[in-house]
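Assemble chain X onto chain U, guided by the hints.
In order, the protein sequences belong to chains U and X. For what it's worth, the working numbering labels the leading residue of the first sequence as 2, then goes sequentially. For what it's worth, the working numbering labels the leading residue of the second sequence as 3, then goes sequentially.
Take these hints with a grain of salt, some might be off.
Stated by the list, open to error - Across the chosen pairs, the derived CB separations fall in these ranges:
(1) U:Gly84 / X:Ser11: 21 to 29 Å
(2) X:Leu70 / U:Gln55: 24 to 32 Å
(3) X:Glu61 / U:Asp68: 25 to 33 Å
(4) X:Gly18 / U:Gly42: 21 to 29 Å
(5) U:Arg62 / X:Glu114: 22 to 30 Å
(6) X:Ala4 / U:Gly42: 19 to 27 Å
(7) U:Gly17 / X:Gln31: 39 to 47 Å
(8) U:Gly61 / X:Ser7: 20 to 28 Å
(9) X:Gly18 / U:Pro83: 40 to 48 Å
(10) U:Ile8 / X:Ser20: 38 to 46 Å
(11) U:Gly42 / X:Lys22: 15 to 23 Å
(12) X:Ser11 / U:Gly17: 42 to 50 Å
(13) U:Pro15 / X:Asn72: 48 to 56 Å
(14) U:Val14 / X:Gly63: 32 to 40 Å
Calculated directly from the structure, the hints in this document are not laboratory data. Computed from a predicted structure; not experimentally measured. Backbone N, C-alpha and C fix where the C-beta goes; we use that ideal spot for every residue, glycine too.
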Amino acid sequence: KQEVTQIPAALSVPEGENLVLNCSFTDSAIYNLQWFRQDPGKGLTSLLLIQSSQREQTSGRLNASLDKSSGRSTLYIAASQPGDSATYLCAVRQVNAGGTSYGKLTFGQGTILTVHP
Amino acid sequence: GAVVSQHPSRVICKSGTSVKIECRSLDFQATTMFWYRQFPKKSLMLMATSNEGSKATYEQGVEKDKFLINHASLTLSTLTVTSAHPEDSSFYICSARVWRDRGSAGELFFGEGSRLTVL
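Okay, chain U solo, but in the shape it has when bound (with noise of 0.2 Å):
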């Protein structure tokens, strides 16, 4: 069964600075990696997705790896702001035996970031 753990649980930074969020999953064989931000009470916002294939996605100050192998993700976000405060939530998308994916996913329990001013 796929269990994936998320390092810090909390993490509390200064206005500026970059920082790395830690996923790690105990089953390699996925079809994919995704990362999503939630706001408090709020649904889920879809932030990068990584395919199995891949080793690292961007988008803006965004940037996430992928180490398939090692069962290791990371998110890196620089010059963090005020707005970045959220939940951060890395999830994985099973592989079917035939290659494809039915769909489902493993949230690992999040990592809740507060950038102070």
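Below, chain X alone, put in the same frame as chain U:
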């Protein structure tokens, strides 16, 4: 990207009543929808997979008679929490898979979530 709409976004009900939450794909057809549950400060846990025209597949530990799922059309899945109790209070989120090409795994899109509070 495609849009998934959930309704209601918030609902408060009395213990013992039933509550229905709708998940709609607005501009695409979704053969498969997923229902997740999130407790405060916890992660999302998959409850069930909903397939159009067939019975839902429930994850281990999820009571199918408690959480009724109906996926009657390619754009609508409903989750009914029957005889709700305070411990059912949670944030429920649906996800829809769009099937674009044969052999494709299909992209996933999430609704905004529905917060259920049972008094």
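A quick look at each hint next to the structure:
no.: 1; hint: U:Gly84 / X:Ser11: 21 to 29 Å; result: holds (22 Å)
no.: 2; hint: X:Leu70 / U:Gln55: 24 to 32 Å; result: violated (39 Å)
no.: 3; hint: X:Glu61 / U:Asp68: 25 to 33 Å; result: holds (28 Å)
no.: 4; hint: X:Gly18 / U:Gly42: 21 to 29 Å; result: holds (26 Å)
no.: 5; hint: U:Arg62 / X:Glu114: 22 to 30 Å; result: holds (24 Å)
no.: 6; hint: X:Ala4 / U:Gly42: 19 to 27 Å; result: holds (23 Å)
no.: 7; hint: U:Gly17 / X:Gln31: 39 to 47 Å; result: holds (45 Å)
no.: 8; hint: U:Gly61 / X:Ser7: 20 to 28 Å; result: holds (27 Å)
no.: 9; hint: X:Gly18 / U:Pro83: 40 to 48 Å; result: holds (43 Å)
no.: 10; hint: U:Ile8 / X:Ser20: 38 to 46 Å; result: holds (40 Å)
no.: 11; hint: U:Gly42 / X:Lys22: 15 to 23 Å; result: holds (21 Å)
no.: 12; hint: X:Ser11 / U:Gly17: 42 to 50 Å; result: violated (35 Å)
no.: 13; hint: U:Pro15 / X:Asn72: 48 to 56 Å; result: holds (49 Å)
no.: 14; hint: U:Val14 / X:Gly63: 32 to 40 Å; result: holds (37 Å)
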